[in-house]
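Q: Each chain, letter by letter, is given below.
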Amino acid sequence: MISYILRRIAGLVPTLFVLVTLSFFIIRLAPGNPFDQEQALTPAIRANLDAAYGLDRPLLEQYGRYLAGVVRGDLGPSFRFKDFRVTELIASGLPLSLTIGLAAAALALLLGVPLGAWAAWRADSPLDHALMTATLLGVVLPGFVLGPVLALVFGIYWPVFRVGGYEPGDASFLVLPVVTLALPLIAYIARLTRASMHEVLQSNYVRTAQAKGLNPRTILLRHALRPALLPVVSYLGPAIAFVVTGSLVVESVFGLPGSGRYLVQGAIDRDYSLVMGMILVYGVFTLACNLVADLLYAWLDPRVRLS
Amino acid sequence: MMRRVRGASVVLGLLTVTALAAPWLTPWNHEQLDWANIAVPPQFEGAHWLGTDRLGRDLFARCMQALRVSLLIGVLAALVSVCIGVAWGATAGYLGGRVDAFMMRFVDIIYALPYVFIVIILATLFERGSIAALLLAIGAVGWLTMARIVRGQTLSLRRREFIDAAIASGVSTPAILWRHIVPNVAGAVIAYATLTIPQLILFESFLSFLGLGVQEPSASLGSLINIGAQEMETAPWMLLVPATLLTVLLISFNLLGDGLRSRLAGDGAAVP
Amino acid sequence: MSADALLTVENLGVGYGDQPAVRAVSFDIARGRCLGVIGESGAGKSQAFLALLGLLPAQARVSGSARFDGHELLGGGGRSLRGRRIAMIFQDPMTALTPHLRVGDQIAETLVAHRGVTWTAARTRAAELLAQVRVGDVERRLRQYPHELSGGMRQRVMIAGALACDPDLLIADEPTTALDVSVQAQLLALLRQIVAERQMSMAVVTHDMGVIAALADDVVVMREGCVVERGCVDTILSTPRHEYTRALLAATPRLGTVGSLAAASAPPAGGELPLAAREVVVKHRLRGGWRPMSLTAVDGASLDVCAGEAVGLVGESGCGKSSLARALLRLAPVDGGRIVWLGRDVQTLDAGELRPLRSGVQIVFQDPLASLDPAMTVAAIVAEPLRALRPDLEAGARRSLVLRALEDVGLDAGYAARRGRELSGGQCQRVALARAMIVEPKLLVCDEAVSALDVSIQAQVLELLQGFKRRGTGIVFVSHNLAVVRQLCERVLVMYLGRIVESGTADAVLGTPRHPYTRLLLDAVPRLDPATARARLASFALRGDPPSAVERPTGCAFRSRCPHAVDACAERVPSLDTVENSHQVACLRWRELPE
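Chains as they are written, first to last, in our numbering: chain A, 10 to 316; chain B, 6 to 277; chain C, 92 to 686.
To be clear, the hints were calculated from the coordinates, so they are not data collected in a lab.
Computed from a predicted model, the values in this text were never measured in an experiment.
Any given hint could turn out to be false.
[Unchecked claim] In silico contact screen, one side only, chain A against chain B (beta carbon under 8 angstroms); selected entries:
| # | residue |
| --- | --- |
| 1 | 102 |
| 2 | 147 |
| 3 | 154 |
[Stated by the list, open to error] What follows is a set of in silico ranges between Cβ atoms, one per label pair, in the way DEER data are often shown:
| # | chain 1 | residue 1 | chain 2 | residue 2 | range |
| --- | --- | --- | --- | --- | --- |
| 4 | B | 7 | A | 17 | 19 to 27 angstroms |
| 5 | A | 78 | C | 211 | 53 to 61 angstroms |
| 6 | A | 78 | B | 21 | 27 to 35 angstroms |
| 7 | C | 150 | B | 102 | 56 to 64 angstroms |
| 8 | C | 444 | B | 84 | 47 to 55 angstroms |
| 9 | C | 167 | B | 268 | 33 to 41 angstroms |
| 10 | C | 167 | B | 104 | 53 to 61 angstroms |
| 11 | C | 485 | B | 268 | 34 to 42 angstroms |
| 12 | C | 443 | B | 102 | 18 to 26 angstroms |
| 13 | A | 119 | C | 442 | 53 to 61 angstroms |
For every residue, glycine included, the Cβ atom is placed at its ideal position computed from N, Cα and C.
Okay, chain A solo, but in the shape it has when bound (with noise of 0.2 angstroms):
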C-alpha cells in the first residue's frame, strides 16, 4: 500500500510539469503585457521594468528561470502588487480560502451522502420525490446566484449572520459562504448517492445477505453503504474543482479577502506571475485531492487494491 501511495505521488510530478509548462507558454504568447495599463510609460522607464521582471530575456530562459523559482518554493514577483512577492500575497489568502473550501465539502458529505442513502432506502415515497425535487434545484442554482440570494435574505431583509468583509476570528461572516458553497455539493452528492444506492439495493448480494435473515440496517451499513458510496468517491475530484471554482464567486460575492480574487484579477491584469502561482497553488491543492480520492477508493473496493 505504501509502494502504491509513493508510485501515485510520483505520478503527480508530470501532471504538475506539464501543467505549469502549459499555462507558462499559452499565458506569455497571449497578447498584452502587465505594464499596458500603466499611462503613458515612456520607452526608457518601460524598458527599465522590462528588465527588472527579466520580460527581455528569451522566452525559454524566462521559462527556465520560473521553474527553477518554483523548485525553491519562490513564485516570483507580482506585477501588479509592486512590492509583494507572489508567495506572500497567496499566503495572506489561501487560509481563509481553504477553511471556506474545507468546511463546505465537508458539509456536503456530511449531509449528501446520508440524504441521497435515505431516499434510496424509501424510493418512490413521497420523500424520495420531493428530496430529488429539491435537489434538481440545488444541482442547477449556480453559487453566483444563490449567494446574492442568501446574502439578502439573510443578511439584509432578516439579518442573522454578518455579510460583506471578514473580521478575522468572527465565523458568523463565514456561514453564509460556506453554505453558498456547499449547498449545490449537497443536492449533487445527495443525488449520485441515491442512485448508486438504489442500484446496490437490488444486486444480488444485498438479496444474499436478506436471504441469510440480516436485519435491515446490518444490510444497509454492511453490505451496501461501501459499494454505494464509490461513485461518491469518484466524484470527489470533481468536486474539489467545483469548490475551487465556487469560492471564486463565493469570495466575490461575500467580499471575504480570500486568495481566489487574485486568480480573476490577476488574468484581468496579466499579472502573469500571480496567475501563474495560483494555477500552481491550486493545481497542487487539487491534485492532492483526487489522490486522497483514489486511495479511499482502493480502501473501499477490495479488487483495485492490487493492480
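Please arrange chains B and C on chain A, whose structure you already have, making use of the hints.
A: Here is chains B and C on its own, set in the frame of chain A:
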C-alpha cells in the same frame, strides 16, 4: 418522466421564441437609456415590463438579449464539444491499447484541473468579451466529459459480438465505426449534449459574472446577475429577474437531458 | 398432502401488474427429501421460491399460502425464518457475495445475527463450515475476498454460509449453472452428501435434467408459471406423462445417443477444406495501457476440417477453445504457428486480400442478442455481409437473397423489418445463422452457439446446423457440452489450458477416451438415469477448478488435477501420440492406464 420532458421542451420553446421576438415585444432595446425611469421596479408605465437599471435601461430588453447570447453560446459550444468529444472518444475506444491509454491520459490530466483555469488562461488569450473566443474556450473544455462517455460506450460496444460479426463479414474499420458504433452511441451523445448545454450556459454566465465574459453594453445573464447583486438592497428585481430566468433555463435543459438520457442512452450511462 | 410435509405450498401466485409470473402453483416438500423444480426460462420457478422468503421486488403481488412447519410464509412470515430455518443459495456466486467483505465474515455474520454468538466464535465456526464444504487451506480462505476465489470456491462459500444455522430447508436456485462441468459435478456431489448427512430438506431449481437426476427425490415440472407434471424422479425421467416433460427429455442431449445428428458411418464426401491451422499460438493482452501483460490462451494447437464435417472443440472455460476458433477468422491475434486459408497465411493478408477468407469462413456467437446490432433491422443485419463482400449486387437481388437466407433458418419475411430486441433468443440465433450462411461459406465456426438457449430451442438450432452440414458446409463447433458435441460432431478435439490433449473421431474420443482428462470430463456429464447419475457423482475423481493460464503448471498442464500424475509429468510436456488411426492423445502414461 415524459410529462417532465414535454414540460421542459415547452418552456424552452417559449423562452427561445420570446428571446427572438423580443424586439417586437417591447419598444426598448438593450442599449437605450430612459432618463425618466431610472431604476424603477416592473411597471406598465413606460413599458418597462421588468423594470429598469441604474442607467434607465429596460431590463426586459436586456434580459432577452442576454438570453439570446446564452442560448447561442450554450448550443454552439455544445456542438464544438460534441464534435471533438465524439471523434476523440470513439477513436480511443475503438483502437484501444496504447493509443487509448495515451489519449485518455491526456483527458485525465486536463480533467484533474479545475477547468476554470483553462478557460481563464484561454480568455486572457483573446480580446476580452469576444464571443468567438468564449465559444472556443468553453467548447474546448466541455468535450472532456463527452470524450469519456463516448469512449466508455465504444469500449462496451467493441466487446459486443455484433462488432466481431461485422469484422468477420468483411466490413471495413471506417464502415464499422460509421454503421455500428456511431448509431449506437448517438442516443447517449444526444442526451449528454442536452445536459452539456446548461453547464456551458452556466459557465458562460460564471465568466461574465467574474467580468471575463460578455462586455458592456452587451449583457449576458451572468453579468446581469453580477450587476443585480450589487444593487440588491435597493433594487432586488435587478437580481431576481435574471436569476430566475437563468434558473428556469437550466432546470429545463436538465430535465430534458435527463429524460432523453433515460430514453436513449440505456444502461452503462447511469450518471446522475 | 402428506403428513410429514415440511413445506406445503398451495395456490401460490406471483404477478407483476397484470402479468402473471406464477399461477396457482401447489407442491410440498417432505422432511429429509429433495424436491427438484425444472422448467425453461420464464417458467416462474425461481419467482415461486423467492416469493416464499419475501425476496421479490416490492411491486410483485403474491397470493396463496405456504405453510412451513406450522408457520405461514407468505405475507411477510417468511422473513423471520430466513437464514435461520430456511437458507437459500443463488446461481451466480460472483455477484451473490458482497465484494468488499471477507468471505469468512460473510459466513460468520449469519451466526452473529441469529445465534447471538461473538464474532470470534462465529469465525471459528465459519472455519469448520468451510472445511465441511471441502475447502482446503481454510485459515487463508477466510481472510480472502470473493474476487480472489474461483467460481466453484465461491459457490462453496455460499453453501457454507447457508448451512451456518443448520436450516431445515435449503433452497438452491440454479446452484451449478454458472460453473464448468467438472466443478458442477463436484458441487452436486457435495450438495448430495450434505443433505444426506444432515437429513435436511432441499429444493433445487434448475433448467437441467441432469441436475434433477443427480439430486432430486421428487420432481415438479413447470412451464409458463404452471405446474404441468409432478412425481417421483424415477417416474418423471423414465415414464413422463405430460407431453411437455417428454419433449423436454427428448430435447436434452445425452451421451448415449451416438451421433443422432452426426454422419456416424459414412466419411464426409467433400474432402478437406482449404483450411490448415498449424501449431497455433494465441496470446491475449491482459491489461491495456502502458505495460501490457499477456496470457497464452492457445499454445500450439492444430486443426483441419473436411467439407460436410463437424469438428467439436471441447474443454472447460479458459481452455482456449474460443480463442482458437476466433483465430481462424483472424478475430484473435495469432502469435505463433500458421493459419492457412486457400494457400495463404491469413495473418499476412491485407484488407483487400481478406475477401476470400471472409466469404469462405463465417461465425456464430454465444450471446444471441449481443450478436445483433440493436440499431439495425433483421434485413439490414443479414444483408451486411453481402454489402461488404458482393458490392456489385443490386438492391433487388440482395433483398431476395436475404429473404431466402431467412427462410432457410425458418423465419418468414415478416421478421425482416424487426429488430433484435423484439425477437426471442432462439430467433436471434437464427438471424445470426442467416447472416453467416448468406455468403455460402465453406466453413462455419459456432462459438458456443447453442449454449445460451433453452434445450428445446437448442435442439431446433442443432437441426439447422445438421442441414448445413448435409449441404457440404464444414463446421467447427466450440462447446463445453459434451453431450451436444456427441450429437452433432464427427470429430472431437479436447483442449486443456491451450493445448489439445486428445483428438480423433467422436466415437473414439468420447467412446474409448484415453486421456485422463477426457475420461473425467465424460464422468462429469450429467446422466439422466438417477441411479447412474448418483453412482458416478459418488466416485467422481476430478478435484479443484480448472487453473487459469496465468498459473499454468510445468510439464503436463493437467497434472495438478490428474489422479494418475507422477513426477515425470512435471518435467515434460507430452506431445500427441497416435493411439490408432486418427485417434491421438497427449499423455505420458496413456499406455499404462487401464482402457
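Q: So, against the hints stated earlier in the document, which numbers end up violated here?
A: 1, 2, 4, 6, 7 and 8
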